[in-house]
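Taken in sequence, the protein lines are chains A and B.
Residue 324 in our numbering sits at position 324 of the first sequence; the count goes up by one each step and never skips.
So our numbering is basically just the index in the second sequence, starting at one, shifted up by 355.
None of these hints come from the bench; they were simulated from the model.
Note that the structure is predicted; figures quoted are calculated from it, not measured.
The reader is advised that the hints may include incorrect statements.
Claimed, not checked - Looking from chain B toward chain A, a few residues come up when the C-beta cut is under 10 Å (computed):
1) Y416
2) D420
3) V424
4) A435
5) V441
6) T445
7) I446
Ideal Cβ positions, reconstructed from N, Cα and C, are used throughout, including at glycine.
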Amino acid sequence: MSETQRTREFITGNEATARGAIAGGCRYFFGYPITPQNKIPEYMSAHLPEVGGVFLQAESEVAAINMVYGASAAGARVMTTSSSPGISLMQEGLSYMIGSELPCVLVNMVRGGPGLGNIGPAQSDYWLATRGCGHGDGQCITLTPNSVQELHDFTARAFEIADRYRNPTMVLADAILANMMEPCDVLPPTEMPPADRPYAVGPHGQERERNIVNSLWVDFDEMEEVNLRIQERYRQAAEEITDWEEYGSDEPEVLVCAYGISSRVCESAVDEAGKAGVQARLVRPKTVFPFPSEPIAKWAEQAKCAVVVEASMGQFVEDVRLAVEGRCPVELVGHAGGNIPAVSEVVARILEMTS
Amino acid sequence: MTTDMKQVYAYPDALTEVEMRYCPGCTHGTAHRLVAEVIDELGIKDRTVTLATVGCSVYAYEYFDTDAVQCSHGRAPAVATGIKRVQPDTIVFAYQGDGDLASIGMAEIVHAAARGENFTVIFLNNAVYGMTQGQMAPTTLLGQKTTTSPRGRTAPEAGFPIRVCELLDTLDGPAFLAREALSTPPHVRNAKRAIKRAFETQVAGLGFSLVELLSTCPTWWGMTPLEAIKHVDEQMTKCYPIAVFRDRLAAQEGEQSAESAPGEGE
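One chain only, chain A, in its complex shape (with noise of 0.2 Å):
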């Protein structure tokens, strides 16, 4: 990627997701309509043939998730992009692509659930993320931008992340970041770079053994040995890809932990709680899988008590819990069906919880 050739343009974390994941060599999209991230798609169908790549729209997300298994076993970078509903529909493609250790790229503009649910802003796909990917051990490498500006570079590394860990990587967003406008440096668009996949199948002469891609190990030795080679990656990615920000004082009283839209709301409360005389500091994933528990453990000593706001009912907040592990009371400020929480909310619980 060619830092130095960024231009500054304002436009939306659709378009910043479609334009970040050219900039990471992607070249090969399918995908599905689902609102709110219907511009991605558009703007790929638009843009892929320009740079001599391929936008086909799929029949269903089923079938675009196994389109991208099939690029991805072909040995290109690909993605798919969609939104709540239809990462439930590419569980069972993801488990495939997790068992037969290949990369890709997903994007899910994370909406309000369950069921159809509706077109608002949400985080309660935070487990789908990083607990679900399908059946069997297995999930997916998940990278949780703040911002347009992450959007469009968060996607771009992503492609090379997912290569890395041979693994499914997904950027999770939510309706406002997709939707919004903010000043973005965009990357120029990068050459794919050339296939150093050596196990991807295709014409190969006498050159090589013939390649297999799949999933199936009949011999639970074999299959078990398939697993440990997974988690062994994914104890690399912890070491070498675990990413967060920090905000505030560096003598807080509590702790506020948030990703994503919510940690923008919360960097505005931690000021706010300031202003009020409460010392707060908020740590902000950009890593949801790998997890960043050391902070957040660091901090928990010093805190009297943490405070996690997320746009769901009680899913990040376990994974604080985990990191906390009982150092100070954790409290949850959370919402659902495409309401966020507010600034005046998380100022008020944190100073209940210090008064």
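We have chain A; now place chain B onto it with these hints.
Chain B in isolation, oriented as in the chain A frame:
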């Protein structure tokens, strides 16, 4: 006396020597051999990708000596689409059974066919779910007993058998559609001809090709292998007539020969 003998029959290069797990009298083995012979004859082994699906042929990737991708139940046409969009010159064939293709995978096969995706489907129709022990399939004949239609399939309970070739023949996308039977030697020879035609259609870049092969399942039909072959010829072909439904390669060849022939009025 000459010792200069020509080899006319040998083990296909495109088949591995792994022992197949099919039941005695099952025609999967015949289908595998025919596909392998065609791959050898066309000289495409090193650029072919086999798509194994879910069902008795789940291990197809062990039997065909090509690159391979194992696909989830019913999704091989979507996986094939992904591979071909990245590698248009790679020869891709999906080996699907009737449960995989005509039940859980109906959306994927219809849309891949409608798009005219340039790959080949070998569709084994034995009117039963074999691997899961003999349940009713979308192609199970009316009256046929299975482990989930123990009194025989009836239309009021379970609807009617699906004719895949006829269904796909309503679409503009397919370039080659044929149904053959893996029963008696003449039928087997015709089946091979159809399989070769399907692969040639893909090599020529004409689009989607599918060969439906009426196949036996003595185990779950409760028949001897010979009774099963007779059942294919006498019962299955009544519901599923043998036919070449579409052959755009022939149409193209026809045009070419018409062009090269000295025509009237030129």
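Evaluated hints:
A distance limit of 10 Å between C-beta atoms decides the matter here; for B/Y416 the minimum to chain A is near 5 Å, and the interface restraint holds. Checking B/D420 against chain A by beta carbon gives a least distance of about 7 Å; that is within 10 Å, so the hint holds. The criterion of a C-beta within 10 Å of any C-beta in chain A is met by B/V424, whose closest approach is roughly 4 Å, and the hint holds. Because the smallest distance between the Cβ of B/A435 and any Cβ of chain A comes to about 6 Å, under 10 Å, the interface hint for this residue holds.
Hint status for B/V441: holds, given a least beta-carbon distance of 4 Å to chain A, under 10 Å. Restraint check, B/T445 versus chain A: the minimum CB separation of about 5 Å is within 10 Å; hint holds. Contact between B/I446 and chain A, as hinted, is supported at the beta carbon level, the nearest pair being about 9 Å apart and thus within 10 Å.
The structure shown violates none of the earlier numbered hints.
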